[in-house]
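Q: Here's the letter readout for the chains.
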Amino acid sequence: MARRILLAVLIAGGLACDSLPTAPSGSASLRVQVIDDLTRQPIADPVYRIELLLTSANNSYAQPVVNGSATFPSVAEGEYRLNTAALFGYLQVDVVNVRAEKSQTLTLALAPIDDFGVEQISVDGQGTIPVGGTIAIPMRGVTLRMRGKYQSPRSPWPAKNSFAASVASPNPEVDGFGHEGGRTDSGPVSPGEFELAIPNWTPCSRIVEGRLVSCYTNADTLMLTMSTPFERGFGGSPLIRKYQKWALKFDLAPGCCLP
Amino acid sequence: MRRWLVLVCVLASACGGDANHTPVTPTPIGLSLPPGAPGDAAAKPDTTRITITTVEIIGPDGVRVTPDRLKITPTAVSYNMRVWIFCPQGLEGPQGSGWNTEILEYQIRKSSTATNTGGAFSGGLRLEVGYTVIEAPLVMTTRPGQERVTTEILRNYAVIARNEFTAVSSE
Chain Y
1 MARRILLAVL IAGGLACDSL PTAPSGSASL RVQVIDDLTR QPIADPVYRI ELLLTSANNS
61 YAQPVVNGSA TFPSVAEGEY RLNTAALFGY LQVDVVNVRA EKSQTLTLAL APIDDFGVEQ
121 ISVDGQGTIP VGGTIAIPMR GVTLRMRGKY QSPRSPWPAK NSFAASVASP NPEVDGFGHE
181 GGRTDSGPVS PGEFELAIPN WTPCSRIVEG RLVSCYTNAD TLMLTMSTPF ERGFGGSPLI
241 RKYQKWALKF DLAPGCCLP
Chain F
1 MRRWLVLVCV LASACGGDAN HTPVTPTPIG LSLPPGAPGD AAAKPDTTRI TITTVEIIGP
61 DGVRVTPDRL KITPTAVSYN MRVWIFCPQG LEGPQGSGWN TEILEYQIRK SSTATNTGGA
121 FSGGLRLEVG YTVIEAPLVM TTRPGQERVT TEILRNYAVI ARNEFTAVSS E
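Residue numbers (our numbering), protein chains in the order written: chain Y, 1 to 259; chain F, 1 to 171.
Simulated from the structure, these hints should not be mistaken for lab results.
This one's a predicted model, so the numbers in the text were calculated from it and none came from an experiment.
Short derived list, chain F residues pointing at chain Y, Cβ under 8 Å:
hint, residue
1, Thr-48
2, Arg-49
3, Pro-88
4, Gly-90
5, Leu-91
6, Asn-156
7, Tyr-157
8, Ala-158
9, Ile-160
Glycine residues also receive a C-beta, built at the ideal position from the N, C-alpha and C atoms.
Next comes chain Y alone, as it looks inside the complex:
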């Protein structure tokens, strides 16, 4: 009888300790708890779209962070580097090397930063433009609108931070960042959301004899900047400057474009 109880206790104990899925033979499983470096609390808000990347010389794995953790259920054993990608808001400041073997759990602290990310691009009269979508460019360009999420520990809401975006050509040193036919209007619309509008934008950079030239027909990167508000005639200070992948195609009107 005592032997049966002992066996039951051992089995129950084993089950209770095995919190991770059992890894196939020759592979490991890894669970990463993701926490805020300042508050030490789990980063559970999906708004940041955090993804963890586990890479080695021969293998790479990616898993989204859900409810503050990510699980890699079946990883080939070996040495890995753990990196982080996010739409905005957090930066991995530690270099994290992982020896994947059996089942293990580790904690990754991410630093909250001033940051923003574009979630939606639309064009007046053309609606929402998805990633990889095409924008028709008439002679006078289009009004580009972008919306997204932001956070700013150093200049929080209701500060009127400014937001800027350039739709860079694939070769910005030669073809530039497009031409704006007016001043970008931007600002936060709520404690965590912003919007900006770029009037009369064309994917062209130089004006020759009254026409815009050096036009490009596709782009894959947004160059984003958030700055503190303008104060008493002085420009704001940059809070973040970053790239965000967003592929676009441009269908230029014949004879395009006019500044």
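Here the structure of chain Y is known, so what remains is to put chain F in place on it, guided by the hints.
A: Positioned in the frame of chain Y, the structure of chain F alone reads:
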């Protein structure tokens, strides 16, 4: 991309607030601390992030002083700050591609706790694995007072390492 790099360098150099100072140049040291380095410059074992391990203040006589023991004289005394930075393997530059991942920026700001006025140094740097030292002058006023001295290492304008102390000068 090169245009952004140039812009950043121009902005960084333009932001230097204090005049009449020697150039502030980051110096890579290597993985081991050199002889004579202060013990508190050593990073803790298994340090995984870029860290300002200590900031030394060296007096005109070459002797290290604590920030609460600075002396005022009829003429402004120029101390020297030595900022010790540790970079673990894997975070040395360049990282990835593009201007914003290739270089870091440092900012050293000094402001009076009474008047909130002061100055700043800033510039770009690339860290190598191990230790790097930034030397910068620390000029105290000729009157007793306190000044907050903040040193930050930034990536994409995000602060990734920080050190702050209050310098107290008295007669």
